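S.K.: Below, each chain spelled out in residue letters.
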Amino acid sequence: MAAIIADNIISPLGFSTQANYQAVKAGKTALQHYDDALGIPFPFTASLFSEEQKKEFTIDGLTLFESLAVTSIRKALESCQIHLDKRTCLIISSTKQNISLLTTDSNPSENITCPGISAEKIAKAVGITTTPIIVCNACISGVSALILGNRLIDMQEYDHAIVCGIDLQSPFIISGFYSLKALSENPCRPFDIERIGLNLGEAAATVILGKENLTGGWNIAGAAIRNDAYHISSPAPKADGCLMALEAVMKGQDANQLSVINAHGTATLYNDQMEARGISKAGLSDIPVNALKGYYGHTMGAAGILETIITLHASEDGIIIGTKGYDEIGVSGNLNIVRNNTTTEKKDFLKLISGFGGCNAAVYVEKEQGARSKEQEKGIRAIFENEAATLNVHHHIVITPQSVQIDDEMIDTGMQKGKALLTYLYKTYTQDYPKFYKMDVLARLGFVATELLIQKERGTRSKEQEEGKRAVIFFGQSSSINADKEFLRSIADLENYFPSPAAFVYTLPNIVNGEVAIRNNYHGETAFYILPRKDDSIMRMITQATMLDNFHTSIITGWLDCKSKDEFYAELSIMNYELE
Amino acid sequence: MEDLILELKEKIIEVLNLEELTPEDIDPKAPLFGAGGLGLDSIDALELIVLLEKSYGIRLASAAEGKNIFTSVENIAQYVSQNRKK
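Just so you know, the sequences run in chain order L and R.
The numbering of the first sequence is my numbering, which starts it at 2 and goes up by one.
The numbering of the second sequence is my numbering, which starts it at 2 and goes up by one.
If you're looking for bench data, these hints aren't it; they were derived computationally from the structure.
Pair by pair, the computed Cβ-Cβ distance ranges are:
# : chain 1 : residue 1 : chain 2 : residue 2 : range
1 : L       : 56        : R       : 54        : 33 to 43 Å
2 : R       : 66        : L       : 287       : 36 to 46 Å
3 : L       : 105       : R       : 40        : 27 to 37 Å
4 : R       : 7         : L       : 284       : 53 to 63 Å
5 : R       : 40        : L       : 408       : 31 to 41 Å
6 : L       : 541       : R       : 66        : 45 to 55 Å
7 : L       : 51        : R       : 56        : 35 to 45 Å
The model shown is predicted, which means the values in this text are computed figures rather than measured ones.
Here a beta-carbon is modelled for each residue, glycine too, at the ideal position from N, C-alpha and C.
Can you make the complete structure from the sequences, with help from the hints?
M.R.: If you want it as structure tokens, here you go:
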């Protein structure tokens, strides 16, 4: 249960949390219609920084992405007195980092295309000495990053976690959503009967989490990530993962304390309907629901953090922010969607969010009524000092472009190499899942590696054990670079501009987690983390952090990196949580 | 029409990465989506919309519009022959 001790938002609406909150409270929106901005050959509505604003946060020697992150983090640090040392970690939430600098012939080892190297530059500029972690978990990245920071503080790995969510817009992301027919050319209308799609936005938002125990402070009191195990880009019609995440964070909480559920509310037909179903199935239909996309658009990696900050400050101010763009209800479930700003006496709130790869996240944010009691403090520590349960590796696999090893056994490769080796493994060990051929190389690598691990496991464990509530957590260095280039090729030529939806969906590395969850019907947490380089101690720390969610009984985890179709490395394990 | 059907089959296999299929495997009258057909999904439908625009200059406004056209290869061929701009 970490405390939120400082925050900052930099968006087209302003460069501080207060400027942003006051603008939103006054009903201002950053959404604008553009006929042909950013070199995109179709009209769209988005929330974009002006050239003057970009100049204001540009820092010499850093990219625009890095400059924006550094500016937001520095501003958040100004508002609190913390000492940056070995006990401070940096967690960056971002879906596409420096993507506007990528070209179809970029070298996969270049810094520009290596998000972890970029994160190290951000850390250095701010003065953080520990290895930065990038959460790249599609649209839920922001909330996913808050959850990780919260856990690392609970585990006493760090005293402070600086969590910065950030994404900038470019033809890449906007054309991708255009190809998915998910964009509205006009301002979006969350939960409205006439909603037809989303708008994109750019922003950075930073929260500093600490172990401080402040009277009247704000804590993350509940957190969960669950997978739909349904589809890589469509939300589950029955809201499976959303409902499970809501139920997990409401366990032991009193819904009467909730002022609002701040929903994802992207204004796509399917997302809003799915969330409405999840909220009503969870028995929370009476709780006011709002969404902030009408002010900022969908700010991707920043969204979960930005929207949490705005909701927190509104709650502090006794206000529920109205859902700009919403007029008449267009979702089922008799939801209480807040149209205009209203007052509230209650303080606690839920942040809800969903994303590609089938992931859903929820956090319960509570205002500390007094200081935490000794018992509560003890309770938190007791969980993490309990070393009776340990994570044991059951099976282990290493796949390189020319070899496969499971546990101690080398597997026949059919003399195949690179991408052809992955196809050989699929044809030899799986056969009945033609969806394999639609996957990009990273997803194929993750898919065959987990198929082989699970087949090995089948001989040794019961079905219940095997289908236990399993998390799927991957780490990599190169994110989705190969798929990124593939998609970029479809928009490289303005005369022949046909952005490919099938290529775009794989430009998020956590799609591979979604593929594994769908194939095996896993509803546990799924997440993809980008590190500057393979680092077993950080990976172990995050794996253990995942297991703090006691829903999980086992985890498939490890390094999964693909630079090109001939250059990849997978080293994954199935681990089980066992009482000694 | 036969030529167009064969051309469409080849293009569909290519853009949808149906690596294990040949044009002969696809029954032009069989449903493309759902059980009993090729088992295509919503992303495939969007990719077919791109195919129509790129190869034949036909622009569909929404995924819903595609639903009535992408019922079978034969139906797509009929629609293309009546609406193609290139």
